[in-house]
Structures are given as C-alpha cells and as structure tokens.
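Using the sequences provided together with the hints, build the complete structure.
Chains as they are written, first to last, in this note's numbering: chain A, 1297 to 1771; chain B, 59 to 383; chain C, 2 to 683.
Hints listed in this document are in silico derivations from the structure and should not be mistaken for laboratory results.
Source: prediction; values computed, not measured.
You may find that some hints are simply not true.
To be verified - Below 30 Å or equal to it, Euclidean Cα-Cα: the simulated DSSO-like pairs (lysine-lysine) are: (1) A:K1435 with A:K1533; (2) B:K230 with A:K1413; (3) C:K146 with B:K279; (4) C:K642 with C:K426; (5) B:K111 with B:K162; (6) A:K1652 with C:K426; (7) C:K559 with C:K146; (8) B:K230 with A:K1533; (9) A:K1413 with A:K1435; (10) B:K230 with B:K248; (11) C:K276 with C:K559; (12) B:K230 with A:K1400; (13) B:K279 with A:K1652; (14) B:K127 with B:K113; (15) A:K1400 with A:K1435; (16) A:K1652 with C:K642.
So the chains spell out like this:
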Amino acid sequence: MTLLPILLWSDLLIWLLVLAGAVLGVLSWRNPPLRAAWRRVGRSRPGMASATVLAAFVLVGLLDSLHYRPRLENGDLGQPAAYAIEVLSALDAIAEPLRSRNEKTYSAPLATRAYAKESIEVRGADGRVQTTREFPRLKFGGLHLGEEEGTRDGDVLTRVLTAETFALGILAVVSLGAACFVARRGRVTVGRAWRNLWRGETEFAWNAVLVTLGVLLLTLLPVLFLCVDYHVFGTDKVGQDVFYQILKSVRTALVIGLVTTLVTLPLAIGLGILAGYFRGWVDDVIQYLYTTLSSIPGVLLIAAAVLMMQVVIDTHPQWFATAAERADLRLLALCFILGLTSWTGLCRLLRGETLKLRELEYIQAAQAFGVADFRILLRHIMPNLMHIIIIALVMDFSGLVLAEAVLSYVGIGVDPSMISFGTMINNARMELAREPMVWWSLASAFTFMFALVLAANLLADAVRDAFDPRMAGSS
Amino acid sequence: MLAYLLRRLLYAIPILIGVNLITFALFFIVNTPDDMARMQLGVKRVTAEAIEKWKAERGYDKPLFVNAKAPGVDVVTDTIFFSKSARMFVGDFGRAEDGRDITKEITSRMGPSLAIALPTFILGLFVTVSFALLLAFFRATYLDFWGVVLCVAMMSISGLFYIIGGQYLISKLWRLVPISGYTAGLDAWKFLILPVLIGVISGIGSSARWYRTIFLEEIGKDYVRTARAKGLSEITVLFRHVLRNAMIPILTGVVVVIPLLFMGSLLTESFFGIPGLGSYTIDAINAQDFAVVRAMVFIGSVLYIVGLILTDISYTFVDPRIRFE
Amino acid sequence: MNEEQNPILAVRDLRMGFANGVRHAQRVLAAVDGVSFDVHAGETLALLGESGCGKSATALSLLRLLPAAGRVLGGEVRFEGSDLLQLPEADMRAVRGGGMAMIFQEPATSLNPVLTVGRQIDEVLEKHLRLTGAAAQARALELLKAVGIADAERRLSEYPFQLSGGMKQRVMIAVALAGNPRLLIADEPTTALDVTIQAQILDLLRRLQAERGMGMLLITHDLGVVAQMAHRVGVMYAGEIVEEAPREAFFTEPRHPYTQKLFAALPDLSRRGGKLETIAGQVPPLSAMPAGCRFAARCPHAWERCREESPAWTDLQDGHRVRCHWVEEQQRGESRHSGESRNPEAHPWIPAFAGVTVAVERLLEVDNLRVHFPIRRGFFQRVVGHVKAVDGVSLELARGRTLALVGESGCGKTTVGKAILQLIKPTEGSAVLDGLELTGLSRRALRPLRRRMQMIFQDPFASLNPRLSVGDIIAEGMSALGVVGRAKELETAIGALLEQVGLPADAAHRYPHEFSGGQRQRIAIARALAVQPELIVCDEPTSALDVSVQAQILNLLKSLQEQLGLAYLFITHNFAVVEYLAHEVAVMYLGRIVERGTVDEVLHSPRHPYTRALLSAVPSPRLDGSPEIIRLPGETPSPAKPPKGCHFHPRCPQAFDVCRVNYPEPRQASPTQVVRCHLVAP
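See below:
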C-alpha cells in the first residue's frame, strides 16, 4: 500500500449526503407529482444552467473528499509502513503542482517575477558583488521559460488557443451525444433533434446545459492548461497559489451548505410536524423552544457556541491525531452549531403548514379509517410538505455559504488552517489598502464565490417555481 | 386587545429565563470555569494555584447553583448562577477581562451603533420598498425581469465584498470620504455616509425581491380586482390598496429588528472602526472575553423580545382585525 | 323589451383566451370564442353555464379586468356607442365603476380588509362624481340605506370583517352603485351565500334595477336564480353561447340539447324513484376543442355534420335562437335525424317509490348529542363561553334509508356528522350504531366499528391526498382495518370497487389530479365503500359539482343504496337534492333540529316557520316560481350567543311572547313528524 485511505467525519457525511440524494432521486422518480415537479426544474433554463455550474463545483468538492495519507519513503522494507502526518485528498494528488509549488510571497497572476523587490546580490561585470533591489524571479512561475521571460505572452497565447480548440472539440462531441440521446428518446432523426435541442424545444433544457458547459470549458480549460506552469491567479502573501486555495475552498463551502441541513432538517421536520399535528401541550413546548432559541440573535448565539467549542477543542488536544482531523471536526461542529441555530424558521413554517394540512379532508378520511397517527404523519403529512422542505433546502444553501465567509471573518468560522472563502477574504482584506495594491486574491475569491452563490440562488428559484403549488401554472 | 398585549408581555418572561438558562449552560456547563481558566492562561504549564486565582478574581470560584456552605439566602445567591446569570435581569453584567464595567461600556457604545444602524434601516426600508413597488408596478415586463435578475445577483454577493469594494472605490480611488474612523457629534456625518450607503446597497437584493413577492401576492387578490373595477388608476390601487395590505407581512420582518438596531452591525463597525456595540462584540470574541459575549447575548435577546412586542403593537395600527378584537 | 332603443351594451364576436406555457413556447387557448349579445337598459340578461364555460371570463373581458394570463383576442364591446376594447386605458377607467360596475362572487375577499366601508364607497364617489367631504359622506349613507343596511351611520366607519357575509355583499352592491352605473355586471352574486340571504340579495338587486332602470348582466350557474331574475337568458357551453331566449321561451321550451339536459339533470321530487338524466362525458378541454359543434360528443342527437361543422344561429321566434344543427333541421321540417337519436343515459321511468315500504331496522340512534367548543378570552385565556355548535341533537336512521340533515352554513350539521363518526369528540350525548355505543370509546375499541361507518366529504379536491395513487387511496382503509390481506386480492378488490363506482379499473395506477371533480367524488365513494360500511355520512358531496355531474353522483349514491342496503346521513343545504334522495328530513337551526319528519311531510306540509321560509327562499327553476315567498329578515345569529328563548324568534314572522322566553319542547305533529315550535299545538 502506498497510501492509507482516511475517512474524515465530514467525508462520511458528504458521501452519506450523496447517497441520500440518490435515494431522494429514486423516490421522487417513483412519485409522479414529484417527478413532474423535477421535470419542471429540468425545463427551466436558468435552473439547468446553474445546475451545470453547481455540478462542476460539486465534482471538485467530491474529489476533495477522498482523503488519504501518503506512505513515507523509509527505504527499509522490513519496517512497518509509516504514513505521513499530512492528510491529502484526491484533489491534492491531481493538483500536486499547485499545492507544492509555493513561492516566497505575492506574485501577480501569470507573473514570472515576484511582486515585491528584494535585495539581490549580483556579481557585476567587474567581478564585484553588488546589492541591487529588484523583483526576483519566481521559483516556479514560468520556470519552463528559462531565461527567455519575454516569450511569456506568446507562450500564454498558444496555451490559451490550444485550450480553446480542445474546449470547442469537447463541446461539439458532447452536443452531438446529447442530440443522439434526444433523437433516440424522441424517435426522430439526429438532425431534427439537433435543431430542436438548440431551439429549446426539448422537454429538458439541453441548450442551457450545453451553453453553460461551453462557457465553463472555454474559461476553465485555458486556466487548467496554464496552471501547470504558471500561477494563473497569482500567489498570496505566503506564496501559495491562489487557484489552489480556490479549489480547496469549494469543499468547505459545500460542507457548510449541505451538512448543516443534516442537522436542521430532522429537527425542523420532526418538531414542526409534531407541533402542528398534535397541537395542545406538545405544540406549546415546541413553540416555546423555538421562540426562545430564535430570540437570541443568530450571530451572537453562534459566536457564543463557537467560542465554547474552541475551549473544548483547545483543552483537549489529545483527541485529534492530525491537524486535518482537528480542522475537520471543527468544521463539523460549526455545521452543527449553524444547524442548531437555524432550524427554527423552517420548523415554524412546517408547523403552520401542518396545522393547515391536518384540517384537510383527506386527513379526516384517514382518521375515519382509524389509521394510526404515525402512519398519517408518514403517508399524508410528510409527502405534502416535501415541496417546502426541498425549497428550504436549496434556499438555505446559498445563505450558509455566505454566512461562512462572514463568520470566518469575525473569527468564529472554520479553523484558520482550513482553506475557505472566508479565510481567503479574511487574509486578503487589507491587501487593497496595500501599496502597490494586491487585488488578485480578493478578485478570485469574489468571482468564484459569486458564481457558486448565484448558481445556487438561481437553482433555488427554479426549484421553488417548480415545487410551489401557488407558483405552478403561473408564468 | 390590551389583554392580548399583556399576555405577550408576560410570555416574554419564560422566554428570557430560557435564554438565560441556555447561555448559562453554554458558558458554565459545557466548559467548567477550570477549563476556561486553563484556556485563558495557556493550556500548557498552568498551575492549580494560577487557575484558582483566575477564578477567584472573576468570581468563578463559587458553586454553580447551590452553595451549601453559605448562610441564609446566600445558599442561592452566592453562586455562579445567581451572580453571573440571574443578575443580568437587573442590568448587572459584571466586568470585562480588562476590568471595565460592561454596563457602562454598553451604554456609551450604543450611540455610535445607532448613528449608523438607524439611518441604514430607514433609508434601506425606503429604498427597497420603493424599488419593490416599482418592480410590482411594471410586473411581467422586461424592467421587472431584469430588476429581479439584479436582485438575485446582488444577494449573491457576500456582505464582505460590499464593504471592501465600497471602501476601495469611494474612499481609496475617489477619495470622497475617509475610509474609517469616528468622532462624536455632528462632524460624524462624513464617517457615516459610506457605511450607511454600503449598508443600504447590500440589503437591496434580498429585501426588494421579498417585498416584490409580497406585493405580487396581494395584487392577485380579489379586493384589488374590485378596486380596479371601481375605475381607480393603477397607482391609486397600488398605494391605497396593495401597500396598506402588504404592510402587514412586511411589518412582521421589519419591526422586530428595530430594537436590535442598538446592537449595531458586527461587520460594518469593525471594518469602519466605529466604536459601537458591534465592534465591541467582535473585539470580545477575538479576545475570548466570555463575560462580554454573555452580556451581548442576553441584551440581544431582550431587544429581540421587545421587537416581538413592538411587532404586535404595530399590527394594531395597520390591521383593524386585530385592533377590534 | 326596449327593442326600438339601442342596447346599452352590444358585444359582437368577443374572443378571449388564456396564455399557457413559458415565454417562448407560449400558446393562447381560447376560453371564449365568438360570443355576441346585447343588454338593454332596464333589462337583465343572464349568462348561464357550468364552471369553466367562460361566462366569468366574458364578464371580466367587458371591463378589461382579465387576470395576467388573460388576453382579449378580438371582437367588439360597444358600450353606449364606444368600443371598449379600443378605448385608451385612461378612458376605460371612467367606464369602470362609472358606466359599468361589477359585483363579484366572494363578498368575503372582494372588499379591502383594511379600509372602512365608508372609505371604499367614497373612493368611487370621488372618482366618478367628484364628491368629497360631507357631500360624499351623505351620499354614502344614502347608498348604504338604499341597499338595506340597518344602522348605516355606524357601518360607515366599520371594517369588512365586522360585517356578516350578506352585509358584505350589500356593501359590494353599494360600492357598485356609487358611480351611478348604467350597466351592472353581477358575477354569481349569491353563490357564496345561504338561501335565505340569497333571497334577500336577489330581491335587492331586482328592486334597485327597477328603480334605476339599469341594464344588468347576471352571470350564474343556477337555473333557479335565472328564473327569478332574468328577462333574457344566454346559455354558454365551452366558450360559446349556444342558446339565447326570452325568459318564458327558455323555461317553457328550451331547444338546445344541452339546455334540455340541464333541466333534466335537476333533481326534483317529481323524479323520485327514477334516475336523474345525466350528460355523458365531459366538457372538452380548452386545448382540444372539437372543430364542429362543441357539444357533439355528449349530445344524444349528434350526427356527422355536428362533428364537422360548427352550427350557425337558427332563429326560432321572438328573439329565441339556438346554435344547433338538429334544431335547424327540425325547423326546416326535415326531422329525418330525430329517429337516430341515441340516448344512452335515458332510463325507463321507474314508478315513484313513495309506496314502497322498507322493513325498518334501526341502525343509528343519536340521543341528545352536544358538541361545544370553548371560547377563551382575556388575560388568562379563561373559558368565557361555549360555541354550541351542536346542542342536543337526537335522530334515528334505519338500515337502507336516507336521512337528510338540512340547514344553512354554521348551523352545525357537519359537526353532527363528524361527531357521530367520533372525528370530533362529542361533549355530551350518545350515538349508538347497531346497538353499540360509540361515544367514549378508546381509539382501539372504535377501530372495528370504523369499518361499519364511513364518510364522504364535500370538496373532492381536498379529500384525496394528491401524493397517493388512486389505488393507494382506496387501499388505505382496507389495510388499516384489515379487510383484505393479500396484495393480489387487494388489487382485484380495488378494481372491482372502481368499476362499481363507474371508473375503469386501470384508474388505480393514476393520481387524483388526472381526474375531474365528479370522478374524484367517485373515487372518494369507492374509498368509503372499500371497507363495506353500513352507514355513510355524506357531507354535501355534490355542492362543489356542476348540475350535470351532481346528477351522476346522486344516481350513483342511489343505486349503491339499492344494491348494498346502505344507510346515508346526507348533510346538505340543497332541498332539491333532499327531495330526490332522502326518506326522512331533519332541519337544523343553530345547533338544534327544529323539525323532522318524512320527506313528504317536511317538504310539503312544513310546520316550523323556519322550514317554511327556507323552502320558499329556494329559487325554483320554473316560471311560476314559489307562490308565497317568506322573506326572513336578518341573518343567522352566532352560535356563541344564541338568542334567548326560541333561537329563531328574532327572525320569525310569527313570533309571540312565549317564543322570547322558552325554547319550545319537541311536539309531535304526526306520528313521524316532530317540530320544536310554540305555534304547533302539543
């Protein structure tokens, strides 16, 4: 074995979520009303375009959730294998050059020289050693150019053009594949399917998916082609590649946005339905619980809880084998705290809806058959709340990603050693005030976070329009 | 109606007790005072005496709930719960790590917080409601469509970027107002403009979109059709009929935050160096000053509950159904 | 009438539709297709049609008040000379409320809840008559008095929620009249109201129209309302007017097969024992309108030509015209097609079953049933009183018989039904099913009894869980009560049940949203039948359905009763249904049964003044109407504080001193008829 697979707690939860997503998919495929709603989502072009973008993010996040510890080279075969203390992920393995090629400090995007002057001792023509201050050559950025730094622009252009050619090629193949698929399902000729597909006359918004895919390929492939030898988005204060940080931030954002709902949903659904269905003292207790919790301003409750969690972590260093494990548990604890403080809104909503549902005649019909309460909750109430739950799930996601950034800035977010959008912004926030200004860290973090949140918001809109019965039919 | 308000007021008491218990549990039961002392004094190489001293200085050396050794009522009063948690009900929050009186600090910092939060709130409400009304008026046109797109885009930007970008553009690039700082008195205006502006802009996206949904929901109701059948102009219908009814759901979300304005904004205040309660909280978090955080949690809850009661009162102004029942 | 005059409203070839689908693939489906009619001053034209026929859409198009998806596609609406469809929006506003005013179906939602009554009237006065201040105040007061609102000064400053349903509709009428309109459009103005209130409102509308010489366009689905109100009638079907006739001709000699079917589908005492005529099939959906006559698929007289060619108008006499090939050919004397008429729904006339006596075996016995809901008030939420929804109801029901429980909304009739089934816990009293006491039983003990009694609900859209397939819905009761064990048996049983209620067996795999209202009600009936009950509580099972569909459901219920010997407790507010289906009738008022007896006794020699008023208030779909109409003043008081003495005395035209003091004891008017009224000699 050259590596030791590691399953961090958050990995476990992420893969559980993937499993849950698959189960939910199968379940809603079996249930025609839900299937019809998902079909409506599939018809929405903004929805499918944003789903494509999100899929790219999720791919990165999942790759980053396969962790392992590499085996240390200790030569001696007789000894038991020793593994590095460092926990790496599949993404790290793929992006090895990005991870390891650290410069000394700031460098601009695609630069070959550092951003700050340094004193360099140069042996002059006369043989004397002179100390000059100039921008030193980077250790890795543009290394392959050797002395011919002037050829950089040409090199970049060639790489971009090659990448774009590849992108167009891939896009053409994928589009053709989609057309063939549409043709087979609709039993029409491929040419006909091709036309329908681009005119948006298909049941599924293929054109939106393909256009988005095209845009993604055209922008990201050049980045991939360049990042092997350059720091495409520059480096930060300690010389780490910004693009690598962006890639690592994705997983953190996804964990925060998704795992939190694992805590929120059971609480909100369970308590909301119980309160709404049984009313009486059950309702009183649950209402008291969520009114009390929601009366503490969210940030402050989170702050207090995170501070206490820090104390626990700091006073029990023996619990964690590696730094990654500690950061991971801290991330999960944050999700847990966010979940505990944010279930109240959904709970109130579900309680209100259950109160309405329980008066409906089909519930009374079930009661007239003597169907047990638990069964009524499961068969009649839950399925009719599904749309609210799904809407809340996707709506919360973007809010949680944004919250992570703010919390990390305030100092009650993820572990400082864990790369996230929040820590990136926090580290870079003074850079705009610096002379000369360093803009690339912030700009990259901004762009990618905006893309993620915007895509999530647009998908949430599409899902809400498709699932909300009031919206159905209109527009 | 009076009975209704009184009942809501009374309901606040068990909730405050609940909040108090939650904070007490968070701060003293999740971690014992010993843990906190060890944490504050540095985990390694800490002696038992140092811990005892630290605890004694802060009054954390008492038992949690029952002091069996103390005489008389002190059995209950001479405890951590009574001195640290129950005393908060009378506005006694104790001292911060730096020894200053928290109550005094809070009263002096409310002014600057309010100076930013209040204009942001009022201006923001005005701008977002107007924008939402505009979108509702031009519903199902391109203006509405792109307006909503703009809203979604704006709510997808993190609040941090609004502040960082605003500071960079307005203060650094255009040099219109100082980047940060604060003075007391009327001169404060030049320090306030930027944070207020940023506060308003960053809030537009989500609120305007939400208000638009409320307006559209009202516009779809029967009484609006009646109003149109009377021959009223669309503007009259919107302002006299729709706005009046839409105020009810809007108030639910708006009035409740008014008391919380005293708490200021964590982000804005810390970025702009405003000596308000928001930056006080952030400093306390960074310094792990538990006493201050505990105080802020309690005050926040009190203000929130005041907000809930204000919401109930405000309903009676806009909704005759509650006023007369 | 007024034929020499120009009509105030002339609609020509009006077409409107609803946009469907998303921005790019949008289609407009025509909902109203080439409608033409005139309304003269002082005349009422009734547009009659079942739900979805486009009658309300027509009315809204006239005022250009269509919902967002609605589009006027063409035609002309000439109002006092100008074409409204061409008018700029600003001029149109002067017409709305000024020239032409409208009142809507739901008084509860059509008034702005946060503005006072006075304010909502003033608005119109200010806009159309430029009246403000004291002048407006005085005019508003006059208007409220004109629509018969007592204590008008106080009402001016009140909010809609402080008014009862009937009063809200009166205010709506005052608002509509404020601009002195020449034409009033009334869109189902009384559908949401009880019959006694409906009678008041119809009276009011008729009086106001006569006083003001207004034209009126009345949109309704109720033949009885048409008989009372209309001068002329237009019958709409699937977006077209298919018959137009003066009132007399319409009721004496309806010519279009659809109109004839509508009359035939009305339940009536004269049809007892027989089957009601029904109209086979359904209205075609907007997206698949047939090219020929739109009624062809359901018409007993249709032949080739009907399916290919849309019929043109055939003039009969005196403004009576019909769009029908069959009538046209009859008119030309070519009656060759009349012989071909097929009528699958026609049934041989079964002799009235009044003479049939059934061996009486008592199944259900309810004694002194009370359901009180506490009212909590004040600081500590003390119980300050009780809403006595059901206050001492006693009744008996025999196997295979139908007891109709009749009353207006809020009288507690539904609560009685639910309390018997123990869906609501009764406060007091007993309900005995076949010798077994139901009240006070634990859920477990109740379970075996649930098999024997079931319920059918009012709203077929709310009574089926949209997330379950029809098969699952029907199976729920069977598996909960352990009727059928194995999956194979279950499937066969479900198939058989569906066929029993007239649905194909493969419906089991489909979902409720694929079915129409009538079909859904059939599914609900199948669900109840699945556990083989002996008693079914039917809670207004046809009140949400159109007349033709109602007839199908009533026929089904009746034949099921004959086959299975079911007993029905039939809760309804519709006397026509009672006449058709019931054996015995109990009339409820404010939580108590005021009169009970056999159908003949209660409907033909009612003894209680309330029963009499109720019966006379029902608009009858005949020309002669009701001979003597007893108009009840006021509205039903709240069951939270019923009047002292006889609950009915404040509205009773014959009340005297004793009525104000004592609630009358039950008195036997005949061996089977019991009345609670001081007027009846004990």
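What hints, given by number in increasing order, does this structure fail? 7
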